[in-house]
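Residue numbers (UniProt numbering): 1 to 353.
Source of the hints: derived by calculation from the structure; they are not laboratory data. The beta carbon of each residue, even a glycine, is placed where N, CA and C say it ideally should be. Any given hint might turn out to be false.
[Stated by the list, open to error] Label-pair ranges, simulated between beta-carbon atoms:
#	residue 1	residue 2	range
1	A337	H206	43 to 49 Å
2	Y159	T338	33 to 39 Å
3	E107	P323	25 to 31 Å
4	A353	P326	21 to 27 Å
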Amino acid sequence: MATGQILAAVCSILARAFTPQVTSQAARLSARLSPPRKGTRLSLFGSITALATPFTPAGDLDLDAWRRLLKQQLDGGTQAVVVAGSTGEAAALSDDEYQTLLRIAVETVAGPASNQPASNRRIPVLAGTGQMNTAKTIAMTRRAAAAGAEYALVVTPPYVRPTQAGLVAHFRAVADQGGLPVVLYNVPGRTGCDLLPETVAELVAHPGIVGIKEACSEPERMDALLALRSAGFAVLSGDDPTAGRAMLAGADGLISVGSNALPGSFRRLCDLARAGDAAAVQGWNTRLQEFYGFLGIESNPIPVKALLQRLGFGAGLRLPLLPLSPPHQAAADRLAATIAALEEQSSREAIAA
């Protein structure tokens, strides 16, 4: 079973067991018509890329590729970026490497907003800061704040499996002491820990907790979170294949893996979904369907880094992750060859709109 299928199955089981039901049609309509939320510093909405970290063939940071990837994201219309999340192989980075990547990202995409050309416009930088315990998460969040990040993306502590009460205490402590607005991140298929909607409901009133990235794909889970959405709390999908549906239902945006390789296409998908154009969203989902399947064929970020390598951004991963296995190389070649046409189509549509 592919990695994406495993994650979907885990989320489905958890959703059936724990997710409270809401009146879906009413919740979706109400969420979509309500005003967009505004973050503490910059708005969190639309197409947000969970950036992969490029390496050289020798395994060092490829900082030239990193800068080019950041520029490619700006040129493609990405509306925020995540540095050093799971897609960025945060677990394989040293503290110095983490700081270097974040510093360059802030300089490149979050530099001074005034007197900048359009290609250098200001967009938010989110830093992945989640660790296995609260003290380390607070320390990492403070480092990210010092480096200039606007938000901390804080995953539930992996492996240790805290209770729901423990998660409430953890996230409140990080929001109180970390020095950055916190975006919660729930991805139980990776962490073994599910942040339930009723637990999120206990956290949304905290002024330092400003949103959630939800990787579970079930409509019931998303509906329960959308009922908590407000002017101060953004709901973001963390699942590329179902993000269009989530945004049509009222989600603020998508934190995407695929937008590393297809920033313009995912920006177009997000714009259409947030505008409520279900037919056009279906069209883009059809165009991107093979990418959705490919990106889950092995553990993230292996597939997307195979695409990025073919586009000239970096050359591999760090152990224990290995490059894309031989049976999937032909699919990577074929899909990479279609990217330019999709990006051109997204650009034409955006101009025409």
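Results of checking the hints against the structure:
no.	hint	verdict
1	A337 <-> H206: 43 to 49 Å	holds, 47 Å
2	Y159 <-> T338: 33 to 39 Å	holds, 38 Å
3	E107 <-> P323: 25 to 31 Å	holds, 30 Å
4	A353 <-> P326: 21 to 27 Å	violated, 42 Å
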